[in-house]
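Note that the protein sequences, when read in sequence, are chains A and B. In terms of the numbering used here, the first sequence has 159 at position 159, counting the first letter as 1, and numbering is strictly consecutive. In terms of the numbering used here, the second sequence has 132 at position 132, counting the first letter as 1, and numbering is strictly consecutive.
Hints listed in this document are in silico derivations from the structure and should not be mistaken for laboratory results. No residue lacks a Cβ here, since even glycine has one placed at the ideal position from N, Cα and C. A hint or two may mislead.
Here are the computed distance ranges between Cβ atoms for each label pair [unchecked claim]:
no., chain 1, residue 1, chain 2, residue 2, range
1, A, A44, B, P103, 36 to 46 Å
2, B, G118, A, S47, 47 to 57 Å
3, A, D134, B, K587, 54 to 64 Å
Covered stretches of chain B (in silico footprint by chain A; criterion: 3 or more residues with CB under 8 Å from a CB of chain A, positions within the stretch not fixed) [claimed, not checked]:
no., stretch
4, 328-336
5, 424-430
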Amino acid sequence: MTSSVFDPFARLGLEPRFALDVETLDARQRELARTLHPDRHVGAQASERRRVLNEAMDVNRAYRELKDPVSRAEALLRLRGFEPEATQSTMEPGFLMEMLERREALSEARAKGDLPRVREFAREVNAEFRSLQDRVATAFDALDSGASPAGAATAGQAPLLALLGRLRYLRRFLEEVAAIEDEIG
Amino acid sequence: MLLDIYDPKAPPKAIGIDLGTTNSIVAYVRDGHPVALINCDGQELLPSVVHYADHGQVQVGRTAQSYVSRDPERTIVSVKRFMGKGANDVAGERLGAYRFARPANEDDARVVRFDLGGRTVSPVEVSAEILKSLAGSARDQLRSVGGAVITVPAYFDDAQRQATKDAGKLAGLDVLRLLNEPTAAALAYGLESKNNGLFVVFDLGGGTFDVTVLQLDDGVFQVKSTGGDTALGGDDMDQIIAKRLLASMGYGNGDATQIDVESVPPEVVGLVLGAARDVKHRLTDEERAVIQLPRRDGKGEATCVITRAEFTDAILPLLERAGRACRRALRDAGVQADALDGVILVGGATRVPAVKRYVAELFSQEPLAGIDPDLVVAAGAALHADQLSRSSDEVLLLDVIPLSLGIETMGGAVDRILPRNTTIPAGAKSTFTTYADGQTGFEIHVVQGERELAKDCRSLARFTLRGIPALPAGHARLEIGFGIDENGLLHVSAKELLTGIEQTVEVKPSYGLTDEQVEEMLIDALDHGESDFELRRLVESRVEGERILLATRKALDVDADLLDADQRSRVDSAIRELEQATQSASKPAQIEGAIAALDHATHDWAGARMNRAIKGALGGVAVTAVEKDVQGARGVDVQVAEHAENRTAMSPGSAVVFETGDTLERDDTPAVGAERP
Numbered sequence: 001m002t003s004s005v006f007d008p009f010a011r012l013g014l015e016p017r018f019a020l021d022v023e024t025l026d027a028r029q030r031e032l033a034r035t036l037h038p039d040r041h042v043g044a045q046a047s048e049r050r051r052v053l054n055e056a057m058d059v060n061r062a063y064r065e066l067k068d069p070v071s072r073a074e075a076l077l078r079l080r081g082f083e084p085e086a087t088q089s090t091m092e093p094g095f096l097m098e099m100l101e102r103r104e105a106l107s108e109a110r111a112k113g114d115l116p117r118v119r120e121f122a123r124e125v126n127a128e129f130r131s132l133q134d135r136v137a138t139a140f141d142a143l144d145s146g147a148s149p150a151g152a153a154t155a156g157q158a159p160l161l162a163l164l165g166r167l168r169y170l171r172r173f174l175e176e177v178a179a180i181e182d183e184i185g
Numbered sequence: 001m002l003l004d005i006y007d008p009k010a011p012p013k014a015i016g017i018d019l020g021t022t023n024s025i026v027a028y029v030r031d032g033h034p035v036a037l038i039n040c041d042g043q044e045l046l047p048s049v050v051h052y053a054d055h056g057q058v059q060v061g062r063t064a065q066s067y068v069s070r071d072p073e074r075t076i077v078s079v080k081r082f083m084g085k086g087a088n089d090v091a092g093e094r095l096g097a098y099r100f101a102r103p104a105n106e107d108d109a110r111v112v113r114f115d116l117g118g119r120t121v122s123p124v125e126v127s128a129e130i131l132k133s134l135a136g137s138a139r140d141q142l143r144s145v146g147g148a149v150i151t152v153p154a155y156f157d158d159a160q161r162q163a164t165k166d167a168g169k170l171a172g173l174d175v176l177r178l179l180n181e182p183t184a185a186a187l188a189y190g191l192e193s194k195n196n197g198l199f200v201v202f203d204l205g206g207g208t209f210d211v212t213v214l215q216l217d218d219g220v221f222q223v224k225s226t227g228g229d230t231a232l233g234g235d236d237m238d239q240i241i242a243k244r245l246l247a248s249m250g251y252g253n254g255d256a257t258q259i260d261v262e263s264v265p266p267e268v269v270g271l272v273l274g275a276a277r278d279v280k281h282r283l284t285d286e287e288r289a290v291i292q293l294p295r296r297d298g299k300g301e302a303t304c305v306i307t308r309a310e311f312t313d314a315i316l317p318l319l320e321r322a323g324r325a326c327r328r329a330l331r332d333a334g335v336q337a338d339a340l341d342g343v344i345l346v347g348g349a350t351r352v353p354a355v356k357r358y359v360a361e362l363f364s365q366e367p368l369a370g371i372d373p374d375l376v377v378a379a380g381a382a383l384h385a386d387q388l389s390r391s392s393d394e395v396l397l398l399d400v401i402p403l404s405l406g407i408e409t410m411g412g413a414v415d416r417i418l419p420r421n422t423t424i425p426a427g428a429k430s431t432f433t434t435y436a437d438g439q440t441g442f443e444i445h446v447v448q449g450e451r452e453l454a455k456d457c458r459s460l461a462r463f464t465l466r467g468i469p470a471l472p473a474g475h476a477r478l479e480i481g482f483g484i485d486e487n488g489l490l491h492v493s494a495k496e497l498l499t500g501i502e503q504t505v506e507v508k509p510s511y512g513l514t515d516e517q518v519e520e521m522l523i524d525a526l527d528h529g530e531s532d533f534e535l536r537r538l539v540e541s542r543v544e545g546e547r548i549l550l551a552t553r554k555a556l557d558v559d560a561d562l563l564d565a566d567q568r569s570r571v572d573s574a575i576r577e578l579e580q581a582t583q584s585a586s587k588p589a590q591i592e593g594a595i596a597a598l599d600h601a602t603h604d605w606a607g608a609r610m611n612r613a614i615k616g617a618l619g620g621v622a623v624t625a626v627e628k629d630v631q632g633a634r635g636v637d638v639q640v641a642e643h644a645e646n647r648t649a650m651s652p653g654s655a656v657v658f659e660t661g662d663t664l665e666r667d668d669t670p671a672v673g674a675e676r677p
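One chain only, chain A, in its complex shape:
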């Protein structure tokens, strides 16, 4: 691979689509490991073992990137020539306000040691996280089917970036919920 953009989909032999279930991903990692794991090349020459080790690392990296929906979306944007981190998107004030309120309610539940409430948050935000992923998948499909000139593609990207921004927020929130669950659980 000489391209400067790492393509995790190609590395795992998967179609570059956002919709991807964990079972498929896990199965691909196992399948590739069957031939690429260093344990399968114990008797090989050092240079060959090194090459295989690098390939196995690439497979595991691709797996890691695709497992997380946020980095999966970023990888897709990068493959389309966009730099998702460099492109700033402003979040809608309504969403920000909602998150702010949620965060307050969460720290209140934490202070009270209200585990059921914290778990309810986990369920609620997880559900939202999943439905948001469906919307991201739809937005990517729309982008793909557009087959539009470069300028239009850039414009088509804007709602996607906003969704991606939300996805990042929710992921961070879920991390916090998990930490609190561990702490008071």
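Keeping the supplied structure of chain A fixed, place chain B upon it in accordance with the hints.
Only chain B this time, still in chain A's reference frame:
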């Protein structure tokens, strides 16, 4: 048993060894099935106890165990707890008859040693005695022994693994591989019953607790997450019972919580620990255990009664600690308890009825009980040894790293480069940049752990990349690569991309991250999650504030003439406010407010600077120079916007001083590709 006919041409047989905290076992594969070998005691389980007699004779197993109360200081039990530990890691709050040798110097202190009176031994040497005894028994029965697989807790770090490997070498074994205990157990179950599916291995041994979630699929064992509590095991149950027994004997004024473990004579400790183990075993089948022990004041014997209900109550806090680690492992694996196809119990402590019941409730299903929990790890080790020695490809193990690896960034925060539960082999790269103008060296500090600040994580390595050409802040590009090979060994490389200056460090397993430390770090991360987060935000806003001040001052050097007197005084006062906030603020919001104020004060000016830069470009200046100017003009307001974005997104990867880089061309270092934290 049929008499084996000795075939002198038969190839050496590979063996699997479960080197446990309480008991050790050696097994091999006969006709495709694992079989435990009979040890010097005529049993399958060899107590992991070593006695060093006066005249230099070394005894292992039951014989040694009989010295626990007679000659406690020369009888080493639970040596596994001390593998890979330094002299300073050994805490004195546990009941134990050990006498530790006082280290002569700092180098000496890197390995803890037991003082036997007249001589000292290291945990590696003690473990080697156990391994020698097992290997000897294997040789007696198999005649020719090949390579060995030795098991270790999944949470063992490099130092502990290295110590175990060294003990194998010292015992004259050819160590094919160290295998994680839960994976070994899964291997035994997977091959016995040809199961496919999602399993959780609940391994409560003598001294450590490990939980692993893994997927079995036609011979591939894919570990999805691993967790644990490395100071939790059957020993802790013994400690609880022993303290109760001591209380009934009259120690601590009859109160188990008041017992000063240091004040109890070693002989008494040996006696009560033995009695406690006995009580624990009896409570597996009986509702109550009655035991007679000598009273402290010498006036006859005390009768101690412990019921199963009392015991169950007393160990509940231990079980809850295990439960917490299990819930976390499930979450890390992205799995619900009801999706599990089976729960595998490993370790003698899982025989305790209360443990079984707790596990069944936790995972909403009865655990599998096909294989003896004491033998299952050795069985898996034997199977793996057999496969490795035949270069068989029936089975493949995909393991993970137990704790996150990262780099310390400016201000002491940690940029996680490889998160915990990353499948090995693994490689990742991250790009950082300089903070100060003309900076010619980078100090690189590699840490392991889940806490947000580097000082709270385990320090693995520190090195400095020197000889970087003096460039303006933010121009140099430093790429850090992490590579972990199939043996779990970490390599770190650092490369300055503009000049190609490169350094590679193999992180040697001398750092001695102890399993207790691993656990402490995890528990700390849970306890300090919120305050860590605040502190990290404060550190980050402070660094960000300083960066913005620097950028503003630079812009003033060049484009101050674009400001009128009024604007200038507003910018100056906003700068002073921010200076003060970065130095003395205790809340990130104070600094963030000052940054926003400076942003406001410089807003129009930034536009004017941008215009000037563009005019310059139209005036026929070379394109590269324009780009540079425009980049410079980007200055304050763009950085403030980025800052605002970073803050509102609260992205953990938004450390501001070091920018995580773009995807990079791969090079030939072992670590490959770029990754965003």
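How the hints compare with the structure:
Evaluation of the 36 to 46 Å hint for A:A44 and B:P103 yields a pass: the beta carbon distance comes to about 44 Å. Between B:G118 and A:S47 the C-beta distance comes to about 53 Å, which sits within the given range of 47 to 57 Å. For the pair A:D134 and B:K587, the supplied restraint of 54 to 64 Å is violated, since their beta-carbon distance comes to about 38 Å. Only when three residues or more bring their CB closer than 8 Å to a CB of chain A does the claim for the stretch 328-336 of chain B stand; here the count is 3, and the claim holds.
By the rule of at least three residues with a Cβ nearer than 8 Å to a Cβ of chain A, the coverage given for the stretch 424-430 of chain B holds, with 5 such residues.
The earlier numbered hint that this structure contradicts is number 3, and it is the only one.
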